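> Once you've looked at the hints, dock chain B against the given chain A.
Quick note, the sequences are listed as chains A and B, same order.
When you line the first sequence up against the working numbering, it's residues 1 to 446, in that order.
When you line the second sequence up against the working numbering, it's residues 1 to 154, in that order.
One or more of the hints may lead you astray.
[Stated by the list, open to error] Quick look at which bits of chain A chain B covers, simulated, 3 or more residues with Cβ under 8 Å:
1) 196-202
2) 390-399
[To be verified] Pairwise CB distance ranges (calculated):
3) B:His-30 with A:Glu-334: 46 to 56 Å
4) A:Glu-334 with B:Phe-55: 21 to 31 Å
5) B:Glu-54 with A:Glu-442: 30 to 40 Å
[What the hints assert, rightly or not] Simulated pairs of lysine to aspartate or glutamate, EDC-like, Cα-Cα distance not exceeding 20 Å:
6) B:Lys-65 with A:Asp-369
7) B:Lys-105 with A:Glu-382
8) B:Lys-82 with A:Glu-144
9) B:Lys-105 with A:Asp-370
10) B:Lys-82 with A:Glu-222
11) B:Lys-56 with A:Glu-354
12) B:Lys-82 with A:Glu-22
13) B:Lys-82 with A:Glu-353
14) B:Lys-56 with A:Glu-250
15) B:Lys-66 with A:Asp-370
16) B:Lys-56 with A:Glu-251
17) B:Lys-65 with A:Asp-370
18) A:Lys-433 with A:Asp-324
Think of the hints as simulated: they come from the structure by calculation, not from any bench.
All values derive from a computational prediction rather than experimental measurement.
Where a beta carbon is used, it is the ideal one built from N, C-alpha and C, also for glycine.
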Amino acid sequence: MALLLNSPARVFLHYFDTHFLELKLSRLHDREVRREARGATRLAMLYGDEVLVPAASYFESGICRAIVSEFETIFDTGVLWLVGGAANLEEFVYRKLRQYDKESTQYQSYSGADWTSVPPFRSRLGSATMDIRRAWIGRLDSAEPVTSIASNTFYAVPEDFERRWERVPEELGERAFIVPYIAPMLLGEDRHPTLLNRLRGIVNEEYFRSYTEELDAATVGELVYLESPHVVPSQGPPIPYRRFLQAAREERFLRDFLAIPGRDLLSLKEDERWVRCRISIQQSHLNREGIAVEKKESGMGQVPKPRCFIAHGHDDALKFELKDFLQNSLSLPEPIILEQKANRGRTIIEKFEECVRDIDVAFVLLTPDDLGGAASSDEVRERARQNVIFELGYFAGAFGRKSGRVILLHRGELEVPSDMAGVIYIDVNNGVKAAGEDIRRELEEL
Amino acid sequence: MTAFQHRIVLCGSMSFFGDIIAIQRDLGKHGIPAIVPEAEDEYIAALSEENFAEFKRRVSFRYLKKIRSPETIAILAVNRDKHGIHDYIGPNTFGEIAVAFAQRKKIFLLQGIPVDYEDELRAWGAVALDGNIENLLRRYRAAAFVDARQLRLF
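If we strip away everything but chain A, and leave its shape as in the complex, we get (with noise of 0.2 Å):
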């Protein structure tokens, strides 16, 4: 049990940073971004010993205040603490005044700071600034060429771009290394948008890198709204959001763990139902980790059988069919149908997710069960329930390309969605058994 119950000592909130915030236009879905940051908070907070906020997070961002602030009678339990690289909290925002420009919010944030109730400050040895100027020309000697940033996009990067790139830190001098003071060197007045958000992403990623080392922290992962566009790294695994969210639903823990105070909320420390969450949540990772081992192990030895899952719309004499088939003649596993598994309060969406982790192919039954036809149209001809393209769609997404791990079954006269790489194409017109050969080989293939 103790295995099963063991946790970050700290947790790092990346995402009260305000250009992270900006990278996901955060203004403009405020309440989504308020109550996930919050959710994430809180579970932070169950979950870690410490919880360690960015100081300049907590100055520069208003989201990161209010909510900080719902646990202000319990800044002395030395559980949640403000971290900067600084001695002290002055020295902080007097380093912070000199890397801003003055008609800059940042400064106004700094300048103008409320010192009353702030949570205590967490000096660290190390500087942001100086691991991201490191990592930043370290890029110039990695695989992925610096002009990478502009693949895929109709963007020409100028020729000198490598030399502008490196030159960047140099011109930066004391200003902070932040994309508004960043994009003009490099990308001079054409600023492509997506260019402007993977640089964001690559100053991100160093900057919480240079925290979750320095400070052995993991993060919150799994997010909704607040996900990265980056990695987000993180010292061991990063404390997964939705699984939470899943299991306290399930242990009907959610309303509580929302609605309690910010003073209050660590007595759920000891609530039977964030204990039974946890152990669901570990459980849950060991699980995805067992698979894992349990299929390295097989290949050493005996191959393993693939595990199925079948997408159908109403055919339900063709699904029993391909059913008995592949436990009956082939001796697979039982097939996974998504509407025999038990719900235990998963969404449909939630079951693919957890379905694709777990089995080896998926085999869609592309059957003619609906009627319907173009809007410009009279004609109206026999089609596959929608639901179904939807799975084919996500199946092939998920499993990727050429990966043969989607096997569709087609009956009838119905159009097809066109050769998608990775599917492999079965007619099943006259019955699964006779087109069980066909299914064997393609199995045998995985």
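Just chain B now, kept in the frame of chain A:
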């Protein structure tokens, strides 16, 4: 009776929700109705497991219906970068694009065509907008607006 008007359905990971709202607003300024996914509020987040599952099921199928609707002439996948993957399209969005293709809707991608699905998306005639919705506006006007010179004949 509501007048029939061509519209565009926006889809993409909810982590791009800010971009989705921004594009809806931009399209609205040009007189183009755009449908966006429903956000979850506090009330919905705290629903019981059964009610939440029911809510999500209803929302998912309602969105597929909106894609299929004759009023929808195109789908725009908002495919910003995610987790370090350029021009990210997740399985859910790919599934919605598949539905749009099956219904012969025009497919637009906000950024480039992701390498992983390049063959399929090119075969389906997906148009990469390179971050600029002008191309989409042009096509929408061509498909939805009657040429004023023709109106003068009446």
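> Which earlier hints can't be squared with this structure?
none
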